[in-house]
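**Q** Residue numbers (the UniProt record's numbering), protein chains in the order written: chain A, 1 to 289; chain B, 1 to 281; chain C, 1 to 329.
Don't read these hints as lab results, they were simulated from the structure. Because the structure is a prediction, the values reported are computed rather than measured. Ideal Cβ positions, reconstructed from N, Cα and C, are used throughout, including at glycine. Among the hints, erroneous ones may be present.
To be verified - Dumping the calculated DSS-like pairs for lysine-lysine here, alpha-carbon to alpha-carbon at most 27 Å:
id : chain 1 : residue 1 : chain 2 : residue 2
1  : C       : 219       : C       : 309
2  : A       : 50        : C       : 129
3  : B       : 139       : C       : 296
4  : A       : 272       : B       : 97
5  : C       : 129       : B       : 139
6  : C       : 129       : C       : 275
Claimed, not checked - Coverage of chain C stretches by chain A, computed from C-beta distances (three or more under 8 Å per stretch; other residues unrestricted):
id : region
7  : 27 to 36
8  : 60 to 68
9  : 72 to 78
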Amino acid sequence: MSDTALPRPAFRAATDEAPLLRIALIGIAVAGLAVLVFAPLAVVFAEALKQGWSAAIQSLGNRDARSAIQLTLLITAIAVPANAAFGIAAAWFITKFDFRGKAFLITLIDLPFSVSPVVAGLCIVLLFGANSAIGGWLVAHGWPIVFAIPGIVLATIFVTFPFVARELIPVMIEQGRAEEEASLTLGASGWRTFWSVTLPNIRWALLYGTLLCTARAMGEFGAVAVVSGKIRGQTATMPITIEMLYNEYLSVAAFSMAALLTALALVTLLLKTILELRHADQLAATRRH
Amino acid sequence: MTMTARPLVHKTAMPGLSLSAGITLTMLSIVVLLPIGALLLKGASFGLTNVLEVVGRERVTASLYLSFKLSLLAALFNLVFGVLLAWVLVRYRFPGKRLLDAAVDLPFALPTAVAGIALTALYAPNGAFGSLAQAVGLKIAYTQVGIFIALVFVGLPFVTRTVQPVIEEIEQEVEEASATLGASRLHTLRHVILPMLMPAALTGFALSLARAVGEYGSVIFIAGNIPLRTEIAPLLIVIQLEEFNYDAAAAIGIAMLVISFAMLLAINLIQIVSRRKMGHV
Amino acid sequence: MLKSKSGRLGALMLALAIAAPAHAETLLNVSYDPTRELYRDVNAAFAEKWAAEGHEAPTIETSHGGSGAQARAVIDGLNAQVVTLALASDIDRIAEAGKLPADWQSKLPHNSSPYTSTIVFLVREGNPKGIQDWGDLVKDGVEVITPNPKTSGGARWNYLAAWAWAEKNGQDPQAFVGDLYTHVPVLDTGARGSTTTFAQRGIGDVLLAWENEAYLALKEIGEDQFDIVVPSVSVLAEPPVAIVEGNIANDAQRELATAYLDFLYSPEGQALAFKHFYRAWDDSAVAPEDVARFPKLDLVSIEDFGGWKKVQPEHFGDGGIFDQIYTAK
């Protein structure tokens, strides 16, 4: 990012592309994103506001809508910290130690990405459903997992499982172990080293992974649909409610909730951009050490 | 480092081995391994020959082939477009760059079902892009092209997000050195920059591929779901579930799992090998 | 109109939520897709009646989805006290899992089906392709929209209605149905998905739909865009209801569940079914126009095919006739 911040010299630097190529590349990037990302987004907001703002806002005010919003926020609030804790632990384990089967372990962590959300839901039902050994015992003791909030939380953690670990591992590999080793040699404790050496180095990746995890956790549909039971006001999350409303020909209400969900995700993404801007100097400083 | 007599865990001075390993393995077991174990157990009780019989059915092989083919194409598209996008976002300055940067994550944020409905509305013959395509005689929604677009959408952020930090890390001196030695800009890009990006790009490619293979919510709206032509493997699992046929659903699920796992493992191995090589060079 | 409807519903639900004492009886009705609008009204009317009879105001929840998926959810532990599904075979599955007696269908009148429906055609305004009967669906250039019989209960009725017509008209039913599915460009997973594909995406010339679904589409999407065509032969679809004995917690809940299903058979409940475009039995409390819209037609029932126990595996099971349609060379 360093060269573009400087005033452009009259001649072309050897590390620049030809202006035409540069414009062409920017053009492709903008056009690609416009078609693939901005257009669907525009559809969502256009459909939500088809009958004006008041209709859109009113549709979010009823009891079912509010309970769906609360449920989604609750599930996100459980799933994201759990994944963040896992991500830090896994990245530490994988990057600070040498052991056999590392590629295998990383692949296992990636596995939830390659399991169809539908299969993920199926797995959870097979394990915890009323007809399984574990599930039957839990139900008999009054702790139903499937078709209750624990099942939805589990499904959400499953589909967002790799996000934080996946962000942290490459960064921590890049940074190596030298700084931590220095800190330990100087007599700092393990926790102290983690808090004051490792964490500052990985905080952007951690933040980024957490925010992505948040966005994805709020929007998960396939896996949650299998384990939720879709009971209005109880186990219907925002994405489930969107589908139900859409199927009831209440397209304004459906897309209003979709727009709200997207807006929530956009806020988390915006937060990340603002933090990046505010701490740009610090960020650059840590990068150049 | 010789392969012989390599201990299971190499001793280092780093603290927190048991804690980090404990958290990692416990959560991995509860969230991933146990549920998937339940799936495999279901398959085992169904019997290997029965599993193979289900997977060998014409409709199942056709849908598996379709899912993996289109996912591969979508991931390849995302590999090229994602690297390009990452380069543009890191190296160039232009109005609206921040907006573009934030937009890359949108496919993660949009619920998949909503994305599916929105994409179908756009690419159906009476939609904004669909009507344009129809004017030149192309059908997008309800064909394999439609599925491809949905898969590109869901996998879009992976490559860009893994490659971006690597481009930021590249030292300008490397490029200058290459230029000083008389290499053309394109030569530098191809032979110096691209190899540096490859491990990260491969990770992104693998994630994008894996995500596309399992995708259900967004594809189901835009695919025609016609057997042998536009029917994806996850839909077949849902169909089996509707028939209360848990065994067959588990069989197809296991087939998808095994293929995806093998592909991911291969890509992760390639990466580790290439990292070792890079380290020695 | 939509706005005020959901607004009123919201206000009503809010009122219910506030009015409900802490330990009021609750009921979960697990139903299938096209009954959303019906049960929204039924729940409100029943709750009002129940409270007026001096009981505590009940909390009635509903859950909607594909009929098969919903049955599976109940088998896997979804705590439903009442099921109102599309096919008797789906409730049979729940009975097989031991949650209700095998003879559940004899517990309530009319095979436990408080309302029925049939399959009709929805065509574009003015019927440009001149579609009058099943035979017209396989003409060159006609595109038919129907959901996948594997995932949609309604689609099974579509398939069986076509089969019945071919049988009555001296055609080979398997060949006719096979031909019909070559005219289908999109197989959605559910009835609502097909309606959206046909109505909103503009795909296809004719939609095979539940009669109630077709009227609802006219009402919600626009009467000036579509016409309903009634074929010469169709099926008598009987969506059954039942109490899930295994999920009843106590006598008070059983009383509530029983009253809820009885309400569906009461003149008031029947009037609501008519209002939501179902063919119900008792028209004593119904507005005349709600009855007059249903033309008489030749209806074939599932018993004429030998019952679901025979039809399900033979036609829609793994490797059944429907699968052969697509995999036959």
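**Q** With reference to the structure, classify each hint as holding or not holding.
**A** For each hint, the structure was consulted:
no.	hint	verdict
1	219/C to 309/C	violated, 36 Å
2	50/A to 129/C	violated, 33 Å
3	139/B to 296/C	violated, 41 Å
4	272/A to 97/B	holds, 15 Å
5	129/C to 139/B	holds, 22 Å
6	129/C to 275/C	violated, 30 Å
7	27 to 36	holds (count 3)
8	60 to 68	holds (count 5)
9	72 to 78	holds (count 5)
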